[in-house]
Amino acid sequence: MNQDTLYAEMRKAIVDGDGAAAGRLAGQAVRAGLDLLGVIENGYVPGLQRVGELWEQGEYFLPELISSAEAMKAAMAVLEPELQRSQLQARSGGKVVIGTVEGDIHDIGKNLVAAMLQAGGFEVFDLGADVKLERFLERAEAVGADFICLSALLTTTMANQRRLVEMLKQKDVRAKYRVLVGGAPATQKWADEIGADGYAENAVAAVKLAKRLGPARR
Amino acid sequence: MSVTLIELAARRTVLLDGALGTELMARGLPQGACPEAWNVERPEVVREIHAAYFAAGSDAVSTNSFGGSRVKLGGHGLGARTAELNAAAARLARAEAPAGKFVAGSMGPTGKFLKPQGEFTEEEFEAAYAEQAAALAEGGADVLLIETQYDLREALCALRGARRATSLPVLATMTYNAVPRGYFTLMGDPVARCLQELGREGAAAVGANCTLNSEQMAGLVAVMRSETVLPLIAQANAGKPVLGPGGAVTYSQGLEDYVRFVPEIVRGGANIVGGCCGTSPAYIKAMAESLFRSRT
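If you're matching them up, the sequences are chains A and B in order.
Counting in the numbering used here, the first sequence runs from 92 upward without gaps.
Counting in the numbering used here, the second sequence runs from 142 upward without gaps.
Derived from the structure by calculation, the hints contain no laboratory data.
No residue lacks a Cβ here, since even glycine has one placed at the ideal position from N, Cα and C.
Accuracy of the hints is not assured; some may be wrong.
[Unchecked claim] Straight-line alpha carbon distances no greater than 25 angstroms define the calculated BS3-like cross-link-like pairs of lysine-lysine that follow: (1) K381(B) with K280(A); (2) K103(A) with K223(A); (3) K381(B) with K164(A).
[To be verified] Okay, the calculated beta carbon distance ranges per label pair: (4) A111(A) with G385(B): 49 to 59 angstroms; (5) G220(B) with M258(A): 50 to 60 angstroms; (6) E279(B) with E171(A): 53 to 63 angstroms.
[What the hints assert, rightly or not] Just so you have them, the derived chain A footprint on chain B, three or more residues with Cβ under 8 angstroms: (7) 326–333; (8) 377–385.
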C-alpha cells in the first residue's frame, strides 16, 4: 500500500469509527518505518476534522463522535510507544484539566468534550463530576495544565464557573491558564461576563476553540 | 367511572404543568441537592408547587421524581431510598389533585449511557425504570410520564420497565435538537423512528419536550403529527437560561412570546400541552387562558 492510500484508509477508519482498522493501519505504518508524526497529521487528524464537519452538519451524533474518538485512541495506543522509543512526541495541543463543577453531577457533555480533546491531541486530565473548585486548581498546578475546562448543566451551578475564575485571580494565577466554559446554560456572553477565555457550544467546537486559543503565555 | 387523562385528551386539549426544579430552587432547594429528597424532607414545599399548578389550570401535574431512578439517585447516594422517594412524590401530587385532575409520575433519564457508549445494559435500565414506576404507581400516579429522553433505546427500556411493573398508561416524550436535516435526539434518533417504536412498545401518548422553545416546538409538532396517530404531547422550554447579575436566572423567551405559539402547537396537532424549563405557574395560567379562548 502506498503512503497516500494508507493515509486515506486511516482517515476512513476514523470517520467510520472503526477502532480495529485504525489500530491495524497504525501497526502497518510502524512496520513500514514511516514518519509517524506525519502519519498522525496526514492520516488520522484529517479523519477527525471530517468527523467534526459531519457533526456540525447534523449527519453525525453522539454515538458516532464517541466511536471516532475511540478509533483515534486505538491508533494512538499503537503509535505512542513507538514515538517514545524514537524520542519523539506527538504534537500536543497542551494539557487540559476538565471536570463538571461542584454541585453538578451531569457528565455526558463533559465526557464527550474530554474524549474529543484527547482525540484532538490534547493531554486530558478528567476530574469527573461534582468537582470542588479547589481541586481544579490543585490538579492544574500539579500537572502544569494549560487549560482548565469547566462544565455545568444547571443554571444554579454555572455560577461556580464564575467562582473559579475569581479564585484564580485571587491566587494570582489567572494568567497561567486558559479557562474554557461549557454546558447547556453557558453562552459566549456568559463567558465574557465572568472573564473566561472562551465558550464552546459542543465538543467539536471545544476542540477548535482550544486549538485556536493555544496555551496561555507563561 | 370518571374519564382518564387519555380519554380527556381525545375530547379537548389537556394541560400539563410547567417546570418543577426551578420552582423548588426558588423556594430554597440548595445548589446540588437532590430534588427528590424534598419529597420527604420538605413535602409542604413540593405540595405548594403542585397546588400552584392546579390553581393555574393544569389538568395534570408531574411528580417530583424526574431524577428518581435508582441509577440517578445513586449519584446522590440515595439509591437505597428509590421506592420511598418515588412513592412519596406521587402521594404529594395526589394529595393536591382536585377531583377529576391527574397525577403523572415523572421519569427522566438516568443520565448514564447504555453500552457501547456507557456501562449499562438494557436489562439494568429496564429494571431501574420498573422499580421507579412501581413506586410511583403505589403512591397514586394515574399515568407515568417518561420524559426528556435523548436516547430512544433508553426510552424503550423505560417504557418496557413501566409496562412490566404497572398497568398504568405510559406517556413518553423525547427531547430533540433542530439540526440542518431536521429534528434528532442527541443520539441521532429521528422523530419518525422514535414515534413508531414508542407506539409499537405500547406508549399511550408520545411527543417532545425540553430543548426547543415554543416557536420551534410548533414546527416540531407539525412534523410529529404526520408520523403518529397517538395522542401527541408537547412541552417546550421558555428559550434558553440567562444568568443575570446577582445570580438570578431568567429565560430568554418571555411569557407573552412563549404563549403566542400555543395556538399553533394545538392547531398543529398537540393534544397534551404544558411547559418545561423556564416555565412557571404564570406561564401555565396564560396557556390555560389561551386554550380556553381557542375553545370558545
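Quick rundown of the hints versus the structure:
no.: 1; hint: K381(B) with K280(A); result: holds (13 angstroms)
no.: 2; hint: K103(A) with K223(A); result: violated (40 angstroms)
no.: 3; hint: K381(B) with K164(A); result: violated (35 angstroms)
no.: 4; hint: A111(A) with G385(B): 49 to 59 angstroms; result: holds (51 angstroms)
no.: 5; hint: G220(B) with M258(A): 50 to 60 angstroms; result: violated (32 angstroms)
no.: 6; hint: E279(B) with E171(A): 53 to 63 angstroms; result: holds (54 angstroms)
no.: 7; hint: 326–333; result: holds (count 4)
no.: 8; hint: 377–385; result: holds (count 4)
Violated hints, in rising order: 2, 3 and 5; the structure is consistent with all others.
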